[in-house]
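Enquirer: These are the residues of each chain, in order.
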Amino acid sequence: MICRQFHQKNPRSLSQWWRFVSSATAPPSRASSAAADSELVSAIRAQDDIFKKPKMLFSSKNRCPESSWSIPIGISRCRFTTQTMADVPFNGVVDVPLAQTGEGIAECELLKWFVQEGEQVEEFQPLCEVQSDKATIEITSRYKGRVSKVVHVPGDIVKVGETLLKMVVDEDALFSQPSEILEVIKAQVPDVSKPEDAGSGLSKPKVGGVMSTPAVRNLAKQYGVNIEDVRGTGKEGRVLKEDILAYAARGGVLNETSASANQNLEGDQIIPSISSTYGWEYEDQTIPLRGFQRAMVKAMTLAVKIPHFHYVDEINCNSLVELKASFQRANSDAGVKHTFLPVLIKSLSLALSKYPMLNSCFSDESQEVTLKGSHNIGIAMATPHGLVVPNIKKVQSLSIFEITKELARLQELALANKLSSDDISRGTITLSNIGAIGGKFGSPLINAPEVSIIAIGRIQKVPQYGEDGNVYPASIMTVNIGSDHRVLDGATVAKFCNEWKQFIEKPELLMLHTK
Amino acid sequence: MAASQARKAGLPIINLLRVKGMPILQQLHLEERLLRTSSQNWCIINDGTTRPTIVMGVSGKAKELLETDAVLRDEIPVIRRFTGGGTVIVDQGTIFVTFICNKDAISGLQSYPRPIMSWSSLIYKNMFQGIGEFSLRENDYVIGNHKFGGNAQSITKNRWVHHTSFLWDYEISNMGYLKMPTRVPEYRQARNHAEFICRLKEYMSRSDFIDGTMDSVASHFALRSLDADDIQNSSSQFEPSSRILTRQELGEEASMELVGTVSQISYMAAISSTCPTSKIA
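Note that the protein sequences, when read in sequence, are chains A and B.
Residue numbers for the first sequence follow full-length UniProt numbering, beginning at 1 and rising by one.
Residue numbers for the second sequence follow full-length UniProt numbering, beginning at 1 and rising by one.
It should be emphasised that the hints constitute simulated quantities derived from the structure, not laboratory data.
Hints should not be assumed to be uniformly reliable.
From the structure, some residues in chain B lie toward chain A, with a derived Cβ separation under 10 Å [as the list claims (entries may be wrong)]:
no., residue
1, A62
2, L65
3, Q110
4, N139
5, N151
6, Q153
7, S154
8, I155
9, H162
Glycine is no exception: its CB is placed at the ideal position from the N, C-alpha and C atoms.
Extracted from the complex, chain B is given alone in its bound form (with noise of 0.2 Å):
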């Protein structure tokens, strides 16, 4: 029914998965397999994360990016993505919205970086009018000038990923995590963290977010809602290339090699039972 409305509509049709509290590398993993083996349109919203997670662009680099020495000590996970773009700490008051579409599922649009980076803020602009002064500025979701919101994406030849980080809440400290990157915005203007993002839960409740994101979608597709239950591994050959860096690779001291093994154990561990590599039941 829904399919044949859909072509009545002329609107191409997306797979909605929406879920909570899904671990970060978890949804990564999940985001790159269907980017590369379905040939299906999907938008994924995950309602908030698990532990503080730091995510990095697929070449970012610990050392430049992060207080290492911190994350270290704090055991705080990194992970490095399979899309590019900069750096994020990710907890329970992130909200993330992925659009993984065929290249020629838009009408019109082209897949390369920036149409799609407009496109997907056209999915949002509407939710602010009366509320915030919604725009997207250079390549981040902003309210005024600070940013509630950042965007990575992945393009394939017939496929793309644009998946985004909204600030529903954060906690200030783990801001700290976080080097001044070298490459800012050029809106950011010398800002540190704290003055340069805001809390998406200062504008609007989490639920009308969700809520309003859904409906933004709904008229720019048609919905076919998914559960976790619904999406199976049937690619078990596929190895995705997200994954969470070793405490050497975050450089940690060569010499300590005795400890660092141990250490190595333990942090992988603590980790690993917050952030499943598991197939998606």
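Bound conformation, chain A alone (with noise of 0.2 Å):
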């Protein structure tokens, strides 16, 4: 092999090599190799559960997800680390982050540093103790290197992906290069039959003899790697996360740009594309998923686990439309918005009492359904930082004035990307109104550990038979009901529909029921 040869032959740094191998592509940008770090950091924060989103439009694979609600052995799926992760470096200087340590956890107190401005750190060194709930944790250094600067002082309290400290890592410590480049990979599908060690709640570190632990190994299988084909550069042979991208990132580059290599390689002769003769580059642009498009990522990872089944309807909205009409004439409070929203919320949750197993969490451990008694009901909002829902809480024991200003708060705390954790955490269902935006409604997922979604299109006024057959116009709202087969049937789901519909087309009942 062309490039094993070369590579043996001429040890360069990794931005020398990459620029060698691959003379068509610019060398790679710190964001293009931090988009492959933060898909890791992406899978190891996997269990963070700050971030709860629903999604429009996607399909589905059935898989069995993770509880957060009954007694949580999720060791499998488990992709926390007591090291620190760092970004990949920049003129030597790595920003440390503080690295999920555990089911979300937004936030550790930083209680003391071991080490100190200008020492030298050994890979697997104790650098700080953080506590994080019930626990202090030890962070260990991931890389050996230098410690260049302290960003906090103990008392502080550091959000998980923010740089506790900076480092010098030696380069040869954050790529450690095999001596042989490795085969090209071939895409493979993962196998989702069967999920790892769920009713255990044990993993087993090796597979097949090969020692990583379980955050590597669900890396490996999102790029289609086999890890027995990995060498590994960790201690005693393990596995590491940089191994798994630089096996994916050679077999990406081999495939990519082998023939550009053999040209380089027989004499420097570079035949320029149309394209760059006419000076049009078209580069592609990676973007390192931050926030709420990386709480998403994780969010749909965990989504695709559900078996869902989607039930979808019609509701007449004429009643609605007079009376937010009526709402708004009445209003005297300028600082108050009414929208359809709160309504629709308020008669949601008197159908979530008629029928709260819609209001529930499954634990695919225990096999246990948890109804939740607080109508936490969580609302999809797209905002300048991406999808978020947070929730308004007991919406039960809201009025529906009540829930127009707490949604009125969330939406402009959003906007501000300023929500707490609290107020986007232990949302029980989940609304999701793209109609807001377009189409005629969706097909959402299921925000785990919730076990439906409900997205709703836009109201639109179509021509509808009238009992007396003659052609009026009618609101007609289109809803989606995603739920989770193995809490819901067709039969409970349609019901609960048909609850909340009538007090959608006869607002009047809202009145009757509400206490």
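Hey, can you piece these two chains together into the complex? The hints should help.
Expert: Written out as structure tokens, the structure reads:
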């Protein structure tokens, strides 16, 4: 293999190697390399349930989910680390963030440092101690290097993902290249036939004799990499995340650039394409996923494990339109804007009181359904920062007016990216008003560990036959209720939808049933 | 013989130390020393401590968590322990169970907070079959939705400690020293202390609980029973971090400096008589 020979003869730094092998592409930018790392961090943070979001118009696959409600023996899906995770170095200095160390942990308190600025640090050496919830945890270093700057002091609350310290990392430590280039990767469909140790709650660190963590094995699956083909560079031959990323990257590079590499090796003859002749360069842009987008990756990865079914119905909103107009006419507060959503939310809560199974969560490990007491109804919001789902707590105890104000508060915070972790956690069911943007209806994916999600389309005025046989305009809204078929059956969801529908079509019934 | 049987069975070896009435500060010092200086696995069962003592987590703030005026008035010792978690008041009615293990002691168990918490609940789960609806609720052991055991952990590079204080019995009046914490588990649902917790003695006898715990530990490990005399403090250089807070740290006014000094001396004298910091005999 030409590339293998080349690599053995010409050991270079990583950036030099990239530049030589892929002459037609620019050397990997910090962003592009960071993207690969970011994907890993997304996978590793997969149990972060701070952000729960629905997603529209996507297909689903069936897998068994994890649960965070009953005894969560989700060790097989534990993707945490007490090792710091670093972005790709820029000028040799790495921002080392606080990695996810536990389920639902959004932040930790820094208790003390074990190292100081200027100190040389070995791989796996303890850097600091943090506290999250019930545990104090030693955070160890991922890399060998020197501490250049300590960013936080003891007592600081550090959010997951926030930089803890900066390190000058040995390049050899960051990307330890094996002496042989591995074979080209064949794309593989991940095996979804059986969940990993879902019942026992204990994962096996070895697969076919290969030492690695569950997070690294999951990463290999995501990339379609057979982990047994990867040479581990960690201690005792352990396969590390860098080994998977490097293996995947080399496979991609070899697939895409082998032709140009051959050309280079045969005398530096570069044959420019037509577009480059005219100066048109369309470069790929790799965007590292952060914040809401990263959380959406995690939420949707969980969602595909749920066997969904979708129930679709049309709701006549003539009365709802009149009710909203009536609220607006009677509104004396310029700061309050009446929309359809609060009535839809309140009527949803009334329907949930009769069909509490839709306001529940399911534990795959214990095969239990927990009926949640509060109706914490999540509302999907599209913001400049991405999709976020804050929820209104205890809707059954709120009036429509109170819901209106709370909704406005959450919308304002969402736009400003200032939602608190409490605002976006403990939701029990999600409502997605995709119709506010457009579309007839959506096919939403459930926000695990909830069991149901409702997408409502735009209210459209269409002709309908009245009881007298004449045609009248009707404001019709299409709804799509996505449900977990392990918990809910079609009949239950249909009855629930009928119940909800009648409150919307006859809002006077809200007065009859509201406490 | 036990070691060979363990190897044959594939179970990790654990040293079981069962004591009664060990002062909680002494227990915490022992635990931290074993965590940081030992390479063996340990299970410590302390059947009740001595006088009522408040134990806060590593970053607990007395003013936020305690009714400090009452604590100072009644000279209740307040200890800040080396593990995370919340605040408890312990006394003779509290049973303590602690696990200190190497990170790879239990096959497949990842040394992170949640997996350890989940694993620990397996130790007690079977004991309550037919007795009560035991479960791990967020980070607490509950019967139904009443807490009877609180947990805290410390995870180091290669080892971890998970310790639990079980409410065998408690004085409701002692709960008056604790404020309602700002950070509470969701299932608490604004209940006060009395409505939130329950007494383990209403479900089983004290000896049944301790014996049942030891039997359960024996099913997960190969036990090697030790007593306090067997544990020599070989690491005389080790300085434990759990300590008793001073009166000033509890918020006593600085203007009462002279009186405070005198009261501090008497405070420390009062509690040191029952919370020795000397090495384990």
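Enquirer: Run every hint past the structure and note whether it holds.
Expert: Each hint, compared with the structure:
1. Among the interface hints, the one on A62 of chain B is violated; its C-beta lies about 15 Å from the nearest C-beta in chain A, farther than the 10 Å criterion.
2. The beta carbon of L65 of chain B comes no nearer than 14 Å to any beta carbon in chain A, farther than 10 Å, and the hint placing it at the interface is violated.
3. Taking 10 Å as the C-beta cut-off, the interface hint given for Q110 of chain B holds, the closest approach to chain A being about 5 Å.
4. Restraint check, N139 of chain B versus chain A: the minimum CB separation of about 5 Å is within 10 Å; hint holds.
5. The closest approach between the C-beta of N151 of chain B and any C-beta of chain A is roughly 6 Å, which is under the 10 Å cut-off, so the hint is satisfied.
6. Because the smallest distance between the Cβ of Q153 of chain B and any Cβ of chain A comes to about 4 Å, under 10 Å, the interface hint for this residue holds.
7. With 10 Å as the threshold, the beta carbon of S154 of chain B comes within range of chain A, its nearest partner Cβ sitting at about 4 Å, so the hint holds.
8. For I155 of chain B, the interface hint holds, the least distance from its beta-carbon to any beta-carbon of chain A being 5 Å, beneath 10 Å.
9. For the restraint placing H162 of chain B at the interface with chain A, the shortest Cβ-Cβ distance is roughly 9 Å, inside the 10 Å limit, so the hint holds.
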